[in-house]
Amino acid sequence: SQQGEEDPQALSIQEGENATMNCSYKTSINNLQWYRQNSGRGLVHLILIRSNEREKHSGRLRVTLDTSKKSSSLLITASRAADTASYFCATNNYGQNFVFGPGTRLSVLP
Amino acid sequence: GAVVSQHPSRVICKSGTSVKIECRSLDFQATTMFWYRQFPKQSLMLMATSNEGSKATYEQGVEKDKFLINHASLTLSTLTVTSAHPEDSSFYICSAKKTGGPNEKLFFGSGTQLSVL
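Line order of the protein sequences matches chains B and G. Under my numbering, the first residue of the first sequence carries the number 22, and numbering increases by one thereafter. Under my numbering, the first residue of the second sequence carries the number 12, and numbering increases by one thereafter.
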């Protein structure tokens, strides 16, 4: 069952701008992960943040987690055309099934 | 490391035929693999959880006799769409969890686009 909800559903920005995507979930989690999917391809793991963490960085990616609000955000700084893809959050509760949100379709215009 | 190979990437078949999709972990063992279905511009819909050496666990509404899953080894799971019909046309993706370790990440195949004529 889907519990994550991303917003916006679609986002279009210019190259060099920052892109922010949000994810909300409903149940308790062990960790929350963000994945990227290029059109017609599988998903690639980007970053994982545990329930006891509030912020995590990886290169141009910054993820925040607010367990009190059951929400997370993914920030991509200095976006590039190659960042054009769909981004999904996924929640995991101690090894049980991963639950994916509906995703945000990001378009970075050159 | 942690590469998952999914084959074929694209298949076109006639209505009534069966199609087999393979999901193979190339450099790790995967006790558990997952099969998803994805419609255009939508999220992944979990179809079933495949466990090595045991029967797959199907999500509600997924016909197990229609979508046969076999996970005979620690590196290979297969999904067979039996008696395919046009409504089965979709993008199918597999993912795998590494055996042992924290099992926190999923590694995905590149997907299979199935078109049933």
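There may be inaccurate statements among the hints.
Claimed, not checked - Some, not all, of what chain B presents toward chain G, calculated at C-beta under 7 Å:
| hint | residue |
| --- | --- |
| 1 | N59 |
| 2 | R62 |
| 3 | G63 |
| 4 | L64 |
| 5 | Y115 |
| 6 | G124 |
Simulated from the structure, these hints should not be mistaken for laboratory data. Quantities reported herein were computed from a predicted structural model and do not represent experimental measurements. For each residue, glycine too, the CB sits at the ideal point set by N, CA and C.
Taking the hints in turn, this is what the structure says about them:
1. At its closest, the beta carbon of B/N59 sits 10 Å from a beta carbon of chain G; the interface hint therefore is violated under the 7 Å criterion.
2. A least Cβ separation of about 5 Å between B/R62 and chain G falls short of the 7 Å threshold, and the interface hint therefore holds.
3. Interface hint status for B/G63: upheld, as the beta-carbon distance to the closest one in chain G is roughly 4 Å, under 7 Å.
4. The interface hint given for B/L64 is met, as the beta carbon of that residue sits about 4 Å from the closest beta carbon of chain G, less than 7 Å.
5. Hint on B/Y115 is violated. Least Cβ distance to chain G is approximately 10 Å, over the 7 Å limit.
6. Annotation: B/G124 was flagged as interfacial toward chain G, and the flag holds, the nearest CB pair being 5 Å apart, inside 7 Å.
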